[in-house]
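Enquirer: So the protein lines, in turn, are chains X and G.
Letter by letter, the first sequence follows residues 31 to 153 of this note's numbering.
Letter by letter, the second sequence follows residues 82 to 324 of this note's numbering.
I should point out that these hints are in silico values taken from the structure, not numbers from a laboratory.
Any given hint could turn out to be false.
[To be verified] No more than 25 Å apart at the CA atoms, straight line, and that leaves these computed lysine-lysine pairs for BS3-like:
id, chain 1, residue 1, chain 2, residue 2
1, G, Lys115, G, Lys87
2, X, Lys145, G, Lys267
3, X, Lys145, G, Lys183
4, G, Lys183, G, Lys115
5, X, Lys115, G, Lys155
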Amino acid sequence: MLGPIFLILFLQLVGEAAQRYFALAVPGPVIGLMLLLMLLLITRSSKSQQLAQFRTGFVDTASGLLRHLSLLFVPIGVGVIMHLKLLETHLVSVLIVILLGTVLTMIFTGYVFLKLMRRPSDG
Amino acid sequence: MADTAKLYEVWVYLQAEPLFWLTLTIGCYLAADKLYRALNLFPLLNPVAVSILLVSTCLLLFDIDYQRYFDGAKFIHFLLGPATVALAVPIYLNWSAVLSEKRSIIAGVLSGSIFAIGITYLLALMTGLDSVTVKTLLPRSVTAPIAMGISEMIGGIPSLTALITVITGIVGAALGAFVFDTLGIKNMAARGFAFGLASHGIGTARAITRDRTAGVFAATAMGLNGIVTAVLASLIFHLFLNP
Chain X
31 MLGPIFLILF
41 LQLVGEAAQR
51 YFALAVPGPV
61 IGLMLLLMLL
71 LITRSSKSQQ
81 LAQFRTGFVD
91 TASGLLRHLS
101 LLFVPIGVGV
111 IMHLKLLETH
121 LVSVLIVILL
131 GTVLTMIFTG
141 YVFLKLMRRP
151 SDG
Chain G
82 MADTAKLYEV
92 WVYLQAEPLF
102 WLTLTIGCYL
112 AADKLYRALN
122 LFPLLNPVAV
132 SILLVSTCLL
142 LFDIDYQRYF
152 DGAKFIHFLL
162 GPATVALAVP
172 IYLNWSAVLS
182 EKRSIIAGVL
192 SGSIFAIGIT
202 YLLALMTGLD
212 SVTVKTLLPR
222 SVTAPIAMGI
232 SEMIGGIPSL
242 TALITVITGI
252 VGAALGAFVF
262 DTLGIKNMAA
272 RGFAFGLASH
282 GIGTARAITR
292 DRTAGVFAAT
302 AMGLNGIVTA
312 VLASLIFHLF
322 LNP
């Protein structure tokens with residue numbers, strides 16, 4: 031349990047450091063995500079028993095962390111409500127742009143993806 | 082009424098400690114999640130949106146400063162970074178599915194990234210917003226740290242961009258399922274992909290708690306859209322706007 035937590039924190043740390051050092055536009059945690067994915071893919075074909083065991087524990091820890099991913103956005107979301115007055119007179123226009131823009135982007139992207147899928151099972 | 086005085090003393094002590102705010106946040110989330118399930122997963126009652134409203138109502142009722150609340154709730158907030166790293170695991174576990182759809186992923190990210198910026202620009206002009214607000218709105222579909230960086234580069238207001246980005250995430254998470262159900266798009270990969278592209282981490286969170294396939298494609302779309310939008314924005318900015 032502690033090993034997987036260490037590896038996740040360590041990769042985020044490497045990501046944050048790389049982001050600052052190279053002045054990258056991509057945030058540290060996303061760099062950490064890419065590093066972890068590469069690490070998992072590289073070690074995939076390894077036959078080591080110990081590695082397989084570590085991997086099982088790792089998948090459990092990560093799944094636990096992701097099970098309530100939505101909860102983690104609550105503190106910053108509360109900040110949004112408390113700071114809505116910052117938008118002042120623009121509030122209504124900005125909300126209209128966000129609402130329409132987000133829904134239209136979802137519809138567009140969903141359709142493009144579906145049309146280009148190799149084996150769309152349904153829909 | 083010695084008891085009231087004593088209770089007040091306890092309250093003064095508790096509200097200065099993280100424990101109270103952590104309990105409140107998780108409690109509100111559990112209540113919102115229960116409500117969501119009880120009403121048969123009615124999409125507009127999205128647990129994130131409802132728990133944010135519940136916590137905000139408490140803070141406003143008891144006149145609590147946001148900074149005081151966040152001092153406690155930041156322990157939950159901190160987990161966002163590690164959770165983002167952990168998103169590599171579902172992508173890895175479904176790597177063959179991701180690889181087999183690489184054509185639609187690449188085309189979807191490129192066109193979706195441009196569409197998200199373009200439609201925001203168009204709508205912002207139509208509603209008559211000033212140029213600084215338009216620039217502040219443009220990067221709203223990507224994850225907040227990337228959006229803030231882009232906003233700063235093109236002359237928007239980064240902190241306001243962060244605010245707008247979070248609202249975008251909540252809107253996408255709350256309305257996405259409703260929109261796709263209405264349109265009859267049932268394919269979980271396509272739905273998840275659209276969630277992640279249009280509403281970054283909050284949309285991805287919503288997708289992954291409902292369907293594993295949707296979560297994988299949401300995480301992929303979120304990560305790639307962040308990278309593509311950051312690269313596109315700097316290219317356009319350096320080539321055309323800032324010679």
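Enquirer: Which of the stated hints cannot be reconciled with the structure, identified by number in ascending sequence?
Expert: Hint check: 1 and 4 fail, others pass.
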